[in-house]
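Using the sequences and the hints given, assemble the complete structure.
Protein sequences appear in the order of chains A and B. Sequential numbering of the first sequence, starting at 0, is according to numbering that gives the first Met the number 0. Sequential numbering of the second sequence, starting at 0, is according to numbering that gives the first Met the number 0.
Hints are computed from structural coordinates only; laboratory data are not their basis. In this text the structure is predicted, and so the values were computed from the model without any measurement. There's no promise every hint is true.
To give an idea of the chain B side of the interface with chain A (calculated C-beta under 10 angstroms), a few residues [to be verified]: (1) K59; (2) S63; (3) N65.
27 angstroms max Cα-Cα, derived DSS-like pairs, lysine-lysine [stated by the list, open to error]: (4) A:K59 <-> A:K111; (5) B:K59 <-> B:K249; (6) B:K111 <-> A:K172; (7) B:K122 <-> B:K59; (8) B:K111 <-> B:K172; (9) B:K182 <-> A:K182; (10) B:K182 <-> B:K172; (11) A:K182 <-> B:K172; (12) B:K122 <-> B:K72; (13) B:K59 <-> A:K172; (14) B:K138 <-> B:K182; (15) A:K114 <-> A:K59.
For glycine and all other residues, C-beta sits at the position ideal for the given N, C-alpha and C.
The lines below spell out each chain.
2 protein chains.
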Amino acid sequence: MPELRRDPITHRWSIIATERAARPKDFLVAKEPLPRPRVCPFCPGNEGATPTEILAVRPKGGGSWNVRVVPNKYPALRIEGDLDRRPEGIYDHMNGVGAHEVIIESPDHDFKLHKLPQPHLVKVLETYRTRMTDLQGDKRLRFSLLFRNHGALAGASIQHGHAQLIALPVVPKQVQELIDGSKRYFDYHDRNVFDDIIRQEVQDGRRLIHDNGDFVLVAPYASRFPFETWILPRAQGTRFEATSTQQLEKLAEILTFALDRLDRALDDPPYNFIIHSAPYGSDDLPWYRWHVVINPVLTRVAGFEWGTGFYINPTSPEEAAEFLRSVPG
Amino acid sequence: MPELRRDPITHRWSIIATERAARPKDFLVAKEPLPRPRVCPFCPGNEGATPTEILAVRPKGGGSWNVRVVPNKYPALRIEGDLDRRPEGIYDHMNGVGAHEVIIESPDHDFKLHKLPQPHLVKVLETYRTRMTDLQGDKRLRFSLLFRNHGALAGASIQHGHAQLIALPVVPKQVQELIDGSKRYFDYHDRNVFDDIIRQEVQDGRRLIHDNGDFVLVAPYASRFPFETWILPRAQGTRFEATSTQQLEKLAEILTFALDRLDRALDDPPYNFIIHSAPYGSDDLPWYRWHVVINPVLTRVAGFEWGTGFYINPTSPEEAAEFLRSVPG
Numbered sequence: 000m001p002e003l004r005r006d007p008i009t010h011r012w013s014i015i016a017t018e019r020a021a022r023p024k025d026f027l028v029a030k031e032p033l034p035r036p037r038v039c040p041f042c043p044g045n046e047g048a049t050p051t052e053i054l055a056v057r058p059k060g061g062g063s064w065n066v067r068v069v070p071n072k073y074p075a076l077r078i079e080g081d082l083d084r085r086p087e088g089i090y091d092h093m094n095g096v097g098a099h100e101v102i103i104e105s106p107d108h109d110f111k112l113h114k115l116p117q118p119h120l121v122k123v124l125e126t127y128r129t130r131m132t133d134l135q136g137d138k139r140l141r142f143s144l145l146f147r148n149h150g151a152l153a154g155a156s157i158q159h160g161h162a163q164l165i166a167l168p169v170v171p172k173q174v175q176e177l178i179d180g181s182k183r184y185f186d187y188h189d190r191n192v193f194d195d196i197i198r199q200e201v202q203d204g205r206r207l208i209h210d211n212g213d214f215v216l217v218a219p220y221a222s223r224f225p226f227e228t229w230i231l232p233r234a235q236g237t238r239f240e241a242t243s244t245q246q247l248e249k250l251a252e253i254l255t256f257a258l259d260r261l262d263r264a265l266d267d268p269p270y271n272f273i274i275h276s277a278p279y280g281s282d283d284l285p286w287y288r289w290h291v292v293i294n295p296v297l298t299r300v301a302g303f304e305w306g307t308g309f310y311i312n313p314t315s316p317e318e319a320a321e322f323l324r325s326v327p328g
Numbered sequence: 000m001p002e003l004r005r006d007p008i009t010h011r012w013s014i015i016a017t018e019r020a021a022r023p024k025d026f027l028v029a030k031e032p033l034p035r036p037r038v039c040p041f042c043p044g045n046e047g048a049t050p051t052e053i054l055a056v057r058p059k060g061g062g063s064w065n066v067r068v069v070p071n072k073y074p075a076l077r078i079e080g081d082l083d084r085r086p087e088g089i090y091d092h093m094n095g096v097g098a099h100e101v102i103i104e105s106p107d108h109d110f111k112l113h114k115l116p117q118p119h120l121v122k123v124l125e126t127y128r129t130r131m132t133d134l135q136g137d138k139r140l141r142f143s144l145l146f147r148n149h150g151a152l153a154g155a156s157i158q159h160g161h162a163q164l165i166a167l168p169v170v171p172k173q174v175q176e177l178i179d180g181s182k183r184y185f186d187y188h189d190r191n192v193f194d195d196i197i198r199q200e201v202q203d204g205r206r207l208i209h210d211n212g213d214f215v216l217v218a219p220y221a222s223r224f225p226f227e228t229w230i231l232p233r234a235q236g237t238r239f240e241a242t243s244t245q246q247l248e249k250l251a252e253i254l255t256f257a258l259d260r261l262d263r264a265l266d267d268p269p270y271n272f273i274i275h276s277a278p279y280g281s282d283d284l285p286w287y288r289w290h291v292v293i294n295p296v297l298t299r300v301a302g303f304e305w306g307t308g309f310y311i312n313p314t315s316p317e318e319a320a321e322f323l324r325s326v327p328g
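Put into structure tokens, the structure is as follows:
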């Protein structure tokens, strides 16, 4: 019997329909490789192919960069200008002011995030934090999203791995829903929903993939996608920008664990990786907590999902977690 | 300069970033053809390969079927059983009770919806209406969605064209948002938002693709996707199930126009087609109106969209509408 499961934060339902397929091997589909470019704009030596560098992390004592941040050459939003909010008949309109940056996490064209040495990955996470922190100084902006598209099917258009940071002049509806949903839970139960999820998942164990003390890695109860995974911090904090470097070291550890297991379980699947942080100015909401979502792209979103926001997931999170736990360490 | 545009119903924002590409020819990408099956379960003669027929439309005087409705062989939901709503610790859970039907709209393996003779297409739309009407008699169910996935990239898994009908025991959040958003507009302006959209689009003309008197075909102001199109009825009515056959004749006409133009402009693009109707029992909401959404699948949804619900659209609706109008008739 298929199951309907409701996400405790957003109240979104998922259909867990395990009769429709899908063992992990069913997802080992042909990848759509990105063409290997003649000249990679993100490789060392080609720095002139990107807009002016915003920031670079170099080894102590100097040398070539290890992490490099540049503006997106084809930005979805532009940093110059004012918002000019105005009507267009019955509609609402403003200029596309915002930031769109690219974080090149390694000079190596073929690197994978989870193969980076831990100190390098910590530098990467610190760079994410630095850029998000810097952008909140811009009074026109209200929210930023740090994300990573790995693989063509996940929306990557450049083969050389990179993250992106988009800062927006409005708080997206879906982000507000996460916060409002967390507050609804808090108002009702007088407890933080992230604490309750962690407590239940650690006790229950079926959807728990890893626990390193500071963070848990779980397959969420109402998973929308096969092998959807969340990294939840035990420490309360609403903004990723406020994490300590000590926390980032533990985050690097569990992120490496997660991406390595997904890579080996599903043969380097395309994935989207998202850091959910609260909007600028929301520094101390006791009901919300920053967290990380990793969505492997193994199924196609179709008419039903577009029309309803309901997701049909052919792999239960219990199966996904069991499979990821059983990948040899 | 990119633009931020807000949808007047849901208050969702889209980024119209036309500098990032994208003329129609940029979307003429390689299709991913579905394998031609050895035995097609939807072709005449293979009726035994589907579960027991629910309904068939045959020509007057008898003969082979023209339209055929069967249960989905791999249903996302099952029609038997009770909901058994229950907690699972902090989570909410119920059985996946519902209907999942397939509407095979023509016996011809290679048919396209917009190439069907108009009387045949009217029969198809009547069949949609009949099945949606029939399912609302089931007291466990609250909402149904009629949708069509055309092409592998749009989620189709069987080559022979077909629509699907899923009836759910809950009203999806996203459907409730459409209704609540329409009500917010109505409460504020004391006018129906669909009337206001139609009025502005017809007067303005830039996003209007076709107008046949009963329906308008528009590229919506805050389009999420390149060549997103909406079919909006002029007559007030919240439920597709309550349409008259005379309305369906005019709907068939404009639907044919829309799909034919998209087919010729974009070389048979994959698309999702969705009929938005109100939940069961919501028969007379003055603020809401049933309507049709057609989303060609030309871009990939990636980390930014998943993390925010914001869409980055490289083709403005004005360009899309102009291009669709200019396809020779």
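Now the hints, each set against the structure:
no. : hint              : in the structure
1   : K59               : violated (32 angstroms)
2   : S63               : violated (28 angstroms)
3   : N65               : violated (23 angstroms)
4   : A:K59 <-> A:K111  : holds (23 angstroms)
5   : B:K59 <-> B:K249  : holds (23 angstroms)
6   : B:K111 <-> A:K172 : violated (37 angstroms)
7   : B:K122 <-> B:K59  : holds (12 angstroms)
8   : B:K111 <-> B:K172 : violated (32 angstroms)
9   : B:K182 <-> A:K182 : holds (24 angstroms)
10  : B:K182 <-> B:K172 : holds (15 angstroms)
11  : A:K182 <-> B:K172 : holds (17 angstroms)
12  : B:K122 <-> B:K72  : holds (24 angstroms)
13  : B:K59 <-> A:K172  : violated (52 angstroms)
14  : B:K138 <-> B:K182 : holds (26 angstroms)
15  : A:K114 <-> A:K59  : holds (21 angstroms)
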